[in-house]
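Residue numbers (our numbering), protein chains in the order written: chain A, 1 to 359; chain B, 1001 to 1359.
Worth flagging that the hints you see were computed from the coordinates, not collected in a lab.
Using N, Cα and C, we set each Cβ at its ideal position, and we do this for glycine too.
Any given hint could be a false lead.
As the list claims (entries may be wrong) - A short, non-exhaustive set of chain B residues, derived as facing chain A with CB atoms under 10 Å: (1) Lys1089; (2) Gln1118; (3) Trp1123; (4) Ala1160; (5) Ala1165; (6) Leu1181; (7) Asn1183; (8) Leu1184; (9) Leu1190; (10) Trp1255; (11) Pro1356; (12) Glu1358.
Stated by the list, open to error - Within a straight-line C-alpha distance of at most 25 Å, the following computed SDA-like cross-link-like pairs (lysine to any residue) qualify: (13) B:Lys1182 x B:Ser1316; (14) B:Lys1275 x A:Val292; (15) A:Lys83 x B:Gln1118; (16) B:Lys1275 x A:Glu304; (17) A:Lys297 x B:Val1273; (18) B:Lys1038 x B:Leu1015; (19) A:Lys89 x B:Lys1310; (20) A:Lys297 x A:Arg167; (21) A:Lys38 x A:Lys16.
Protein chains: 2
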Amino acid sequence: MGPYGKDFRNMNEELKKYPSGYLKDFSIQVFTHFDVSKKDAEQAADVLSLSDLRGIDSHGVARLHTYFDMLTLGKINARPNIKIVRDKKSVCTVDGDNGLGLVVGPKANEIAMDKASQHGSGWVSVCNTNHYGIASYYSLKALERDMIGWSMTNTTKLVAPLWGAERMLGTNPISIAFPGLKNLPIVIDLATSAAAYGKIEIAKRKGAPIPKGWIINQHGEMTTDPNDMINGGHKGYCLSAMVDILTSVLSGANWGPFAPPFALRQEIPSRSVGKGIGHFFGAMEIDGFMDVTEFKKRVDDWIEVFRNTKPAHGKSVLIPGDPEHQEEAIRRKEGIPLLPAVVNDLLDISKQTGIPFEA
Amino acid sequence: MGPYGKDFRNMNEELKKYPSGYLKDFSIQVFTHFDVSKKDAEQAADVLSLSDLRGIDSHGVARLHTYFDMLTLGKINARPNIKIVRDKKSVCTVDGDNGLGLVVGPKANEIAMDKASQHGSGWVSVCNTNHYGIASYYSLKALERDMIGWSMTNTTKLVAPLWGAERMLGTNPISIAFPGLKNLPIVIDLATSAAAYGKIEIAKRKGAPIPKGWIINQHGEMTTDPNDMINGGHKGYCLSAMVDILTSVLSGANWGPFAPPFALRQEIPSRSVGKGIGHFFGAMEIDGFMDVTEFKKRVDDWIEVFRNTKPAHGKSVLIPGDPEHQEEAIRRKEGIPLLPAVVNDLLDISKQTGIPFEA
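Produce the entire structure from the sequences given, and follow the hints as far as they go.
Next up, the structure:
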């Protein structure tokens, strides 16, 4: 259901599982190894950990080696001075000082929520930041404060605009979450392009083909080769453009094809049009619109009505967030299954840093 | 490009064209005929008129007969007392008192913009309202005040959720617009379901089939029969759900399958879970994030870079809003082409009200 590559979950039975806390601890040590403060390291590891717990394998410790590479080369600032650079009551722009997105994102999201406490809503556009993990980490945080949270980020170019044959936009995810009273929240988290890169990435690691219709190649033709990833479609293009402008044109970050690469092997953009990549966070106090309990009851009713939709083909109807909630319940008990390639990455970090990791 | 059924534009050559002002004047007289105030009638006609000018034929005077029917039967309140029922600085809920969506929408959007002037942003969820025309009318208004405007509405059920075989959600459009300095604005306006009902509606009038992949029927199978309109898909479902909750769960309106029908021939929902349908408007002061001129220059740069993307198949890359801008330039000069079925509707209104219309 989510956009990040969980179609491969049925393989997990065969994989060795690691306690979530063990992986989180390892991540914390890796970040502090690079002079990231204890508090920031815990924050960054918390984002990765939630991703693994919710079954979004591509965005958890599977990405730790990339953060490790960027920190090793000094491409990410381990001690950023994150600050508001422009401000008007419920809105502001934040400069992340080239910190970890996993640190800048949570801080900017907190600013949005604090603004919402004070002004009814808060909206924060962020420049000079890096990849922030799963978009839903941030919308879920807002629920803890009885707020509706919005989260978006731009990412390295992977997707062609309508009629175009060049990669111009990232997968540019958007997330928003709504709390139920008795039910777990509705958590929307989607890549605005037609297919999420996470799925493609996992397919690439396995050497597996991808379903036809997901991607077009540079000639504008359908392909099942994950290396040909370019994507189009009207809606995906429009929504990706929206996310790109709110996160990066509005904040002063690098937009569109100029978003800097996440990993070292990726192509360097031809121009710089700002600082780092961009995020956009929103928070709205539910109480400003409706009594909070009444709203949650209405969401419960919504969930129950939709869950009871007459199913096509006997499958039951899913509520956005269902698969991740189910996976989280399982993984909190059973641990996080890791692919051998991911375990090897962690062993390599262990070897290079001396931080112990038991495979 | 837009979601409202403009693939059929090439037919327009053969149709009789009417000056935009003439049709607007006729609409104003029709609304005032039902005791709508002069100011409100002008406002409502302005929304329909912009739709026709921008080539969104399904949402202009083509819908006047439906408004006429609803007003004739007293199903819409011609003299609504539109009021804020809950408020916290940058956010509020508005009750539209069952007025025309074409009047309630602009009023609520103005409240959002006034809040943005005062608090940096404004967010308004609206209940007890009716269909509000094109979503982009509202986001375009925000540009006049150097704001980024958001607009969403729920609509009568037409779309099945993921894995479901029942219509549960409307096409639920979302619009957002960004101003350029030298360039016309980027105007995103899309139906969150996979295909817009406008297109299906026009296909139905013509008895034409619709492209495969747009819709699935009640058995969850692909169909090209416009009468089978039910739609699914993960992204469409998630985005439609988001719009449904922000517009209608949050405001106290009827959500999901319980949104009341727009036209008399449509099925009456099995339950009432609130008042009328719902809208959601947002406005953010650009100046709260970045110098306005700098932002507009950055948007210009974005537009120019995307317009110059290497095209697939020789077609040039479109910027969201391009087709509507082009159509508007033509129609402001040449007039609005109307289908014979639409002309007949207007003649029928003329006959029933005595308001002259020259076909």
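Outcome of the hint check:
1. With its C-beta approaching chain A no nearer than about 4 Å, Lys1089 (chain B) sits inside the 10 Å limit, and its interface hint holds.
2. A cut of 10 Å between beta carbons decides the hint on Gln1118 (chain B): the least distance to chain A is about 8 Å, and the hint holds.
3. Because the beta carbon of Trp1123 (chain B) sits about 5 Å from the nearest beta carbon in chain A, less than 10 Å, this interface hint is met.
4. The interface hint given for Ala1160 (chain B) is met, as the beta carbon of that residue sits about 7 Å from the closest beta carbon of chain A, less than 10 Å.
5. The criterion of a C-beta within 10 Å of any C-beta in chain A is met by Ala1165 (chain B), whose closest approach is roughly 4 Å, and the hint holds.
6. Given hint, Leu1181 (chain B) at the interface with chain A, is violated; its Cβ is 12 Å from that chain's nearest Cβ, farther than 10 Å.
7. For Asn1183 (chain B), the interface hint is violated, since its Cβ never comes within 10 Å of a Cβ in chain A; the closest pair sits about 13 Å apart.
8. Violation of the interface hint for Leu1184 (chain B) is found here, the shortest Cβ-Cβ separation to chain A being roughly 15 Å, above the 10 Å cut-off.
9. The closest approach between the C-beta of Leu1190 (chain B) and any C-beta of chain A is roughly 5 Å, which is under the 10 Å cut-off, so the hint is satisfied.
10. For Trp1255 (chain B), the interface hint holds, since its Cβ comes within 10 Å of a Cβ in chain A; the closest pair sits about 6 Å apart.
11. Using the Cβ-Cβ criterion of 10 Å, the hint placing Pro1356 (chain B) at the interface with chain A is not satisfied: the shortest such distance is roughly 41 Å.
12. The restraint placing Glu1358 (chain B) at the interface with chain A is violated, with a minimum CB-CB distance near 38 Å, outside the 10 Å limit.
13. Restraint check for Lys1182 (chain B) and Ser1316 (chain B): satisfied, since their Cα atoms lie roughly 20 Å apart, inside the 25 Å limit.
14. Note on Lys1275 (chain B) and Val292 (chain A): the hinted pairing holds, with a Cα-Cα distance of about 18 Å set against a maximum of 25 Å.
15. The suggested pairing of Lys83 (chain A) with Gln1118 (chain B) holds, with an alpha-carbon distance near 23 Å, which does not exceed 25 Å.
16. As the CA atoms of Lys1275 (chain B) and Glu304 (chain A) are separated by approximately 20 Å, the hinted pair is consistent with the 25 Å bound.
17. Between Lys297 (chain A) and Val1273 (chain B) the CA atoms are separated by roughly 12 Å; this keeps the pair inside 25 Å, and the hint holds.
18. Our distance criterion of 25 Å between C-alpha atoms is broken by Lys1038 (chain B) and Leu1015 (chain B), whose separation comes to about 31 Å.
19. Between Lys89 (chain A) and Lys1310 (chain B) the CA atoms are separated by roughly 42 Å; this puts the pair beyond 25 Å, and the hint is violated.
20. With a CA separation close to 44 Å, the supplied pair Lys297 (chain A) and Arg167 (chain A) exceeds the 25 Å bound.
21. Taken as a hint, the Lys38 (chain A) and Lys16 (chain A) pair is broken in the structure, with Cα atoms around 29 Å apart against an allowance of 25 Å.
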